[in-house]
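Student: Could you slot chain B onto chain A? The hints should help.
Listed here are the chains, written in short residue letters.
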Amino acid sequence: ELKVEQNPLFLSMQEGKNYTIYCNYSTTSDRLYWYRQDPGKSLESLFVLLSNGAVKQEGRLMASLDTKARLSTLHITAAVHDLSATYFCAVDVIGNDMRFGAGTRLTVKP
Amino acid sequence: DVKVTQSSRYLVKRTGEKVFLECVQDMDHENMFWYRQDPGLGLRLIYFSYDVKMKEKGDIPEGYSVSREKKERFSLILESASTNQTSMYLCASSLSQFMDTDTQYFGPGTRLTVL
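Read top to bottom, the protein sequences are chains A and B. Per our numbering, residue 1 is the first one in the first sequence, and the count goes up by one each step. Per our numbering, residue 1 is the first one in the second sequence, and the count goes up by one each step.
Isolated chain A, as found in the complex (with noise of 0.2 Å):
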């Protein structure tokens, strides 16, 4: 059965630094997605990795994946209070079903 693990499950930041959410998972896998959700919203794309090495960044969100290590990373360069909000990853398991991280709640306090 996939596990798919993220650490922290909570985290809280101030204003202006770095951090990074790590994502484990327990089986093959090349497709991982990140995923981020605001209280009382549903969830929004933020990034689909493909394959091993993948590296996409939008904004102050850097996201890879290493999959012979199993483990995405989702950075997070001088945090503003915008980029507070609950994010998940999944990761593929076959066609497009997608099993989820617990999700890692981010504060990012001025």
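Relax, there's no trap hidden among the hints.
Simulated pairs of lysine to aspartate or glutamate, EDC-like, Cα-Cα distance not exceeding 20 Å:
| hint | chain 1 | residue 1 | chain 2 | residue 2 |
| --- | --- | --- | --- | --- |
| 1 | A | Lys-3 | B | Asp-38 |
| 2 | B | Lys-71 | B | Asp-51 |
| 3 | B | Lys-55 | A | Asp-97 |
| 4 | B | Lys-70 | B | Asp-26 |
| 5 | B | Lys-53 | A | Asp-97 |
| 6 | A | Lys-41 | B | Glu-22 |
| 7 | B | Lys-71 | A | Asp-97 |
| 8 | B | Lys-3 | A | Glu-44 |
| 9 | A | Lys-3 | A | Asp-66 |
| 10 | B | Lys-3 | B | Asp-26 |
| 11 | B | Lys-18 | B | Glu-79 |
Treat the hints as calculated values from the structure; they're not laboratory data.
Tutor: Quick look at chain B alone, frame taken from chain A:
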């Protein structure tokens, strides 16, 4: 823009009632999914469907059933609601299992409370 809509944002039902949650997508997507979201557990897949009249069990199908009579509509049914089914239910759709870059698009969610 892909739009996934769910019939209710909030729903309150009593134990033992039959509950229908409806999901509609307007982009001719082949795949549709039902998840429940609980604090600390992330999203857990209940059922999914790759085609009309086709369904597959996810990780936690017990106590649920689904129906997909039309491509755009995927219904989740709680045959006899119980308090442990109180949760946020999210519907999602994606274009095709054969698309490498495909992502899932989520509806706004239905917060179900079973009393």
